[in-house]
Amino acid sequence: DAGVTQSPTHLIKTRGQQVTLRCSPKSGHDTVSWYQQALGQGPQFIFQYYEEEERQRGNFPDRFSGHQFPNYSSELNVNALLLGDSALYLCASSVLLELSTDTQYFGPGTRLTVL
Amino acid sequence: ILNVEQSPQSLHVQEGDSTNFTCSFPSSNFYALHWYRWETAKSPEALFVMTLNGDEKKKGRISATLNTKEGYSYLYIKGSQPEDSATYLCALNTGGFKTIFGAGTRLFVKA
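Chains as they are written, first to last, in the numbering used here: chain A, 450 to 564; chain B, 4 to 114.
Looking at chain A on its own, in the form it has when it is part of the complex:
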């Protein structure tokens, strides 16, 4: 059983460019959450997708957008990249994260460097 997968593993962009990161959830999972981990910090919640809709959003600007496809995979898009967007982006999947005790399963992350 493949766990959560993310692509690409790492990439380098320049300021002002746009980037798309991809996530495939663990088999049987229908909910995908995205997190940004900057250096020295814990993962920060960006947003969560369920049934192809954004269900909740953290404190991130509109430059951060996402999408969930019918097969539950998800994309994170970041427009007009800033140097401060350089971070590790983690995707986590779960089965309808309704209960606070539900466990999320994380992917290995995509390392984004903005020059």
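One should not assume that every hint holds.
[Stated by the list, open to error] Cross-link-like lysine to aspartate or glutamate pairs, in silico, DMTMM-like; alpha carbons within 25 Å at most: (1) B:LYS45 <-> B:GLU8; (2) B:LYS45 <-> A:GLU524; (3) B:LYS60 <-> A:ASP551; (4) B:LYS72 <-> B:GLU18; (5) B:LYS101 <-> B:ASP58; (6) B:LYS101 <-> B:ASP87; (7) A:LYS475 <-> B:GLU42; (8) B:LYS81 <-> B:GLU48; (9) A:LYS475 <-> A:GLU503; (10) B:LYS101 <-> A:GLU502; (11) B:LYS101 <-> A:GLU500; (12) B:LYS113 <-> B:GLU73; (13) B:LYS45 <-> A:ASP479; (14) B:LYS113 <-> B:ASP87; (15) B:LYS62 <-> B:ASP20; (16) B:LYS81 <-> B:GLU8; (17) B:LYS101 <-> A:ASP551; (18) B:LYS72 <-> B:ASP87; (19) A:LYS475 <-> B:GLU18; (20) B:LYS72 <-> A:ASP551; (21) B:LYS45 <-> A:ASP511; (22) B:LYS45 <-> B:GLU86; (23) B:LYS61 <-> B:GLU18; (24) B:LYS113 <-> B:GLU86; (25) B:LYS113 <-> A:ASP479; (26) B:LYS101 <-> A:GLU503; (27) B:LYS72 <-> B:GLU42; (28) B:LYS62 <-> A:ASP551; (29) B:LYS61 <-> A:ASP551; (30) B:LYS60 <-> A:ASP511; (31) B:LYS45 <-> A:ASP551; (32) B:LYS45 <-> A:GLU502.
Because the hints were derived from the structure by calculation, they are not lab data.
Since the structure of chain A is provided, determine the placement of chain B on it from the hints.
Showing chain B alone in chain A's frame:
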């Protein structure tokens, strides 16, 4: 804004030492507390989930306690092994679908 603090930031121990570290948060302002282990170049992996009734959890040499009244959780590792070297993350679910993470404690176990 709910703040989750973890201490120490990093910890170096010898193989065989027992160790513990702390996750602190505003008391009772959450629904569940999760501990994750994150080894270098791998994905964060769930260790424990703890609820407000303050239960203690144990998995092998690792255990965790929760004090909701005073707002902290301890993670203990008995007889540390080099394979325990990882970052240990604490995360609070505050209701809804949002999880708030601490910055983690990075544990180095020297053989």
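How the hints compare with the structure:
no.: 1; hint: B:LYS45 <-> B:GLU8; in the structure: 23 Å, holds
no.: 2; hint: B:LYS45 <-> A:GLU524; in the structure: 21 Å, holds
no.: 3; hint: B:LYS60 <-> A:ASP551; in the structure: 16 Å, holds
no.: 4; hint: B:LYS72 <-> B:GLU18; in the structure: 34 Å, violated
no.: 5; hint: B:LYS101 <-> B:ASP58; in the structure: 22 Å, holds
no.: 6; hint: B:LYS101 <-> B:ASP87; in the structure: 28 Å, violated
no.: 7; hint: A:LYS475 <-> B:GLU42; in the structure: 19 Å, holds
no.: 8; hint: B:LYS81 <-> B:GLU48; in the structure: 19 Å, holds
no.: 9; hint: A:LYS475 <-> A:GLU503; in the structure: 19 Å, holds
no.: 10; hint: B:LYS101 <-> A:GLU502; in the structure: 15 Å, holds
no.: 11; hint: B:LYS101 <-> A:GLU500; in the structure: 17 Å, holds
no.: 12; hint: B:LYS113 <-> B:GLU73; in the structure: 33 Å, violated
no.: 13; hint: B:LYS45 <-> A:ASP479; in the structure: 22 Å, holds
no.: 14; hint: B:LYS113 <-> B:ASP87; in the structure: 10 Å, holds
no.: 15; hint: B:LYS62 <-> B:ASP20; in the structure: 17 Å, holds
no.: 16; hint: B:LYS81 <-> B:GLU8; in the structure: 23 Å, holds
no.: 17; hint: B:LYS101 <-> A:ASP551; in the structure: 12 Å, holds
no.: 18; hint: B:LYS72 <-> B:ASP87; in the structure: 29 Å, violated
no.: 19; hint: A:LYS475 <-> B:GLU18; in the structure: 34 Å, violated
no.: 20; hint: B:LYS72 <-> A:ASP551; in the structure: 23 Å, holds
no.: 21; hint: B:LYS45 <-> A:ASP511; in the structure: 30 Å, violated
no.: 22; hint: B:LYS45 <-> B:GLU86; in the structure: 13 Å, holds
no.: 23; hint: B:LYS61 <-> B:GLU18; in the structure: 20 Å, holds
no.: 24; hint: B:LYS113 <-> B:GLU86; in the structure: 10 Å, holds
no.: 25; hint: B:LYS113 <-> A:ASP479; in the structure: 40 Å, violated
no.: 26; hint: B:LYS101 <-> A:GLU503; in the structure: 12 Å, holds
no.: 27; hint: B:LYS72 <-> B:GLU42; in the structure: 31 Å, violated
no.: 28; hint: B:LYS62 <-> A:ASP551; in the structure: 18 Å, holds
no.: 29; hint: B:LYS61 <-> A:ASP551; in the structure: 18 Å, holds
no.: 30; hint: B:LYS60 <-> A:ASP511; in the structure: 40 Å, violated
no.: 31; hint: B:LYS45 <-> A:ASP551; in the structure: 21 Å, holds
no.: 32; hint: B:LYS45 <-> A:GLU502; in the structure: 28 Å, violated
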